[in-house]
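Undergrad: Below are the chains, spelled out letter by letter.
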Amino acid sequence: MANSVRMRAKATGNVVEVKALVQHPMDTGQAKDKNGNLIPEYFIQTVEAKVNGTTMLNAQWSVAVSKNPYLAFQYTGQKGDKVELTCVDNKGETFTGKTSVR
Amino acid sequence: MKKFMISALSLLLVSGGVVSSVWAEANPEEDRQHFVQYFQQRFPEIAMEDYVDGAYALPVNAAGREEWLTIEEFPPYELALGEGEELWNTPFANGKTYQDCFPYQLEDGIKQHYPHWNEERQMVVTLELALNECREANGEKPFGWKKGKIASLSAYVGFMSRGKVQNLEAPSTSGALAAYEAGKHHYYAKRGQLNMSCADCHVYNSGMRVRSETLSPSLGHTTHFPVYRSKWGAMGTLHRRFGGCNEQVRAKSFKAQGPEYRNLEYFLAYMSNGLAINSPGARK
Amino acid sequence: MNRRSFLHNVFRTGTLASLAVAGLALPKQLLAAWNQKAFKSKQYTDAISELYGSSSMEESDNIILKAPDIAENGAVVPVTVESELPNIESISILVEANPSPLAAEFNFGAGMRGYASTRLKMGKTSNVHAVVKADGKLYQATKEVKVTIGGCGG
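Residue numbers (this note's numbering), protein chains in the order written: chain P, 4 to 105; chain V, 109 to 392; chain W, 27 to 180.
The hints are simulated quantities; they were obtained by calculation from the structure and are not laboratory data. All figures in this text were calculated on a predicted structure; none of them were measured in a lab. Careful: at least some of the hints might be erroneous.
Covered by chain W, per the in silico footprint, the following chain P stretches (three or more residues, Cβ under 8 Å) [said to hold, decoys possible]:
| # | segment |
| --- | --- |
| 1 | 56-68 |
| 2 | 73-86 |
No more than 30 Å apart at the CA atoms, straight line, and that leaves these computed lysine-lysine pairs for DSBU-like [to be verified]:
| # | chain 1 | residue 1 | chain 2 | residue 2 |
| --- | --- | --- | --- | --- |
| 3 | P | LYS35 | W | LYS66 |
| 4 | P | LYS35 | V | LYS360 |
| 5 | W | LYS68 | W | LYS92 |
| 6 | W | LYS150 | V | LYS339 |
| 7 | W | LYS92 | P | LYS85 |
| 8 | P | LYS70 | V | LYS339 |
| 9 | V | LYS257 | P | LYS101 |
| 10 | W | LYS66 | W | LYS172 |
| 11 | P | LYS22 | V | LYS272 |
| 12 | P | LYS37 | V | LYS339 |
| 13 | P | LYS94 | W | LYS68 |
| 14 | V | LYS339 | W | LYS169 |
| 15 | P | LYS82 | P | LYS13 |
| 16 | W | LYS66 | W | LYS163 |
| 17 | P | LYS35 | W | LYS63 |
| 18 | P | LYS37 | V | LYS363 |
| 19 | W | LYS172 | P | LYS70 |
| 20 | W | LYS66 | P | LYS94 |
| 21 | W | LYS68 | W | LYS163 |
| 22 | W | LYS150 | P | LYS22 |
| 23 | V | LYS255 | P | LYS94 |
| 24 | W | LYS150 | V | LYS255 |
Glycine included, C-beta positions come from ideal geometry on N, C-alpha and C.
Next comes chain P alone, as it looks inside the complex:
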């Protein structure tokens, strides 16, 4: 299954809360596999959130963010806003998610 980004965005008055769950192993580079070999670090490094095309959030993450990472943020907005999340990992792979604010 392709890495997925699940998102939910809800407006309460003019406060919009966006929640996202991203499928990613977030390997720290410190764990070992069955044969005792180190599993190399493999983790999402940057996250960008855009609302209606404008970047609102730029986050940088370390290996200390949990596996299948979770993120929530809030901004001043309204129902119908289009929110887009772009995550890039240390291998340069990109995962995006989109949602409309309810």
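Based on the hints, put chains V and W in the right spot on chain P.
TA: Quick look at chains V and W alone, frame taken from chain P:
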């Protein structure tokens, strides 16, 4: 000597060769009522319907419950639900779907009907077994039993059955009673180097701690599987957990979806009869 | 990070995304939006210096750091930072006793509210620091989160 007797009896039960008259006094419904009464007396503050929250229903675990509710705001099993939904909705190569294998519609809930006794086949049929047999009947390779796609599919089906009350038929035929008794026996029998039974933790010491873990009561257990455990970093089925529990007391674990665990699941599900499905779960 | 470097990053990340969509592997330099020095710092105060140019912080009651007293599982510790300090540019979360304390940094554009929530790995019992950069000044709140060894399967 006692150990030999128990294992000999287990062997007979498991092989299905025992005439039920040995266990004729067994009354699953009576057992269930005693089971429920035990927990209600032990935890008077817990409402019956809250047992589906497992360890998080325990008053002593209020802090754990708060953290669990935070995680439940956007639970890690949502990813598995996405995969499960895709699997359920994708037809097999022959054009048929999973729904075609089940006499119950997904919208009406499927999970609450499992596990059940199949008189014709003389065995307990669990949800995961039914799902994989559906695959095989339609020319597809079955999934592994403990994690990955089977867990995602089972999580999705379970999630679509959330809130549906389980109203299982009480074991009544000789075969069903024998399977029930085998499961009950497994549950109460001591095993492993640590010489402990399931009941030791989940009945007699429920609500107590093992280091920093609060022991959950067995009442309600089967309602909230499969489960995403932070420890596994993934979804896992009930039989995966059974195996882990057996190994934790340093006992040999049994095969997932083998007769031992299917019978154990049958016993446990009946003990939780009347409770609502609360799948899937998120645990530490 | 001031507003100019924030917009600078917007450009870089924009390029990043489109290159990735084109299916090309991204060259290392375009990933400069990730502050390597800050993430490699072993002392949490050094990480903060690398991020913000200074580690001089004021304790603030206007930062609510929500995290469990005792983590259910050190691999998944929910942490939320909320603040109503005016003009918040950045919120970062550091786990003091982790091999590399800086766990995450959230850089905000206009219209963002002072709120960030995530789930972190903690190797052991540690102070968790929430640092907020608002109006050019640094503020922090700290909470100790205990991480235990489980009993069965923990």
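Undergrad: All hints, please: hold or fail.
TA: So, going through the hints one by one against the coordinates:
Here's how the segment 56-68 of chain P fares: 12 of its residues keep a CB closer than 8 Å to some CB of chain W, so the rule of at least three is met and the hint holds. Coverage of the segment 73-86 of chain P by chain W holds [criterion: at least 3 residues with CB-CB distance below 8 Å; count 8]. Using a Cα cut-off of 30 Å, the hinted pair LYS35 (chain P) and LYS66 (chain W) holds, with the two alpha carbons roughly 21 Å apart. For the hint pairing LYS35 (chain P) with LYS360 (chain V), the CA-to-CA distance comes to about 25 Å; that is within 30 Å, so the pair holds.
Annotation: proposed proximity of LYS68 (chain W) to LYS92 (chain W) holds, straight-line Cα distance about 24 Å (limit 30 Å). Restraint check: the Cα-Cα separation between LYS150 (chain W) and LYS339 (chain V) comes to about 15 Å, which is no more than 30 Å; the hinted pair holds. With a C-alpha separation of about 29 Å, the suggested pair LYS92 (chain W) and LYS85 (chain P) falls inside the 30 Å cut-off, and the hint holds. Proposed proximity of LYS70 (chain P) and LYS339 (chain V) is supported: the alpha carbons are some 11 Å apart, at most 30 Å.
Of the supplied pair hints, the one linking LYS257 (chain V) and LYS101 (chain P) holds, its CA atoms being roughly 25 Å apart against a limit of 30 Å. Straight-line distance between C-alpha atoms of LYS66 (chain W) and LYS172 (chain W) comes to about 24 Å, which keeps the hinted pair within the 30 Å bound. For the given pair, LYS22 (chain P) sits about 28 Å from LYS272 (chain V) by alpha-carbon distance, which is consistent with the 30 Å threshold. Of the supplied pair hints, the one linking LYS37 (chain P) and LYS339 (chain V) holds, its CA atoms being roughly 17 Å apart against a limit of 30 Å.
Distance check on the hinted pair: LYS94 (chain P) and LYS68 (chain W) sit about 24 Å apart at the alpha-carbon level, within 30 Å; holds. Proposed proximity of LYS339 (chain V) and LYS169 (chain W) is supported: the alpha carbons are some 24 Å apart, at most 30 Å. For a cut-off of 30 Å, the pair hint linking LYS82 (chain P) to LYS13 (chain P) stands: about 7 Å separates their Cα positions. In summary, the hint linking LYS66 (chain W) to LYS163 (chain W) is supported, as the alpha carbons are separated by about 23 Å, within the 30 Å threshold.
Between LYS35 (chain P) and LYS63 (chain W), the direct Cα distance comes to roughly 25 Å. Compliance with the 30 Å bound is thereby established for this hinted pair. Taken as a hint, the LYS37 (chain P) and LYS363 (chain V) pair is honoured in the structure, with Cα atoms around 21 Å apart against an allowance of 30 Å. For the suggested pair LYS172 (chain W) and LYS70 (chain P), the alpha carbons sit about 20 Å apart, so the restraint of at most 30 Å is met. Between LYS66 (chain W) and LYS94 (chain P) the CA atoms are separated by roughly 18 Å; this keeps the pair inside 30 Å, and the hint holds.
Only pairs whose Cα atoms come within 30 Å are accepted, and LYS68 (chain W) paired with LYS163 (chain W) is accepted, the gap being roughly 23 Å. With a C-alpha separation of about 27 Å, the suggested pairing of LYS150 (chain W) with LYS22 (chain P) holds against the 30 Å cut-off. For the given pair, LYS255 (chain V) sits about 27 Å from LYS94 (chain P) by alpha-carbon distance, which is consistent with the 30 Å threshold. For a cut-off of 30 Å, the pair hint linking LYS150 (chain W) to LYS255 (chain V) stands: about 28 Å separates their Cα positions.
Violation of the numbered hints given earlier is absent; every hint is satisfied by the structure.
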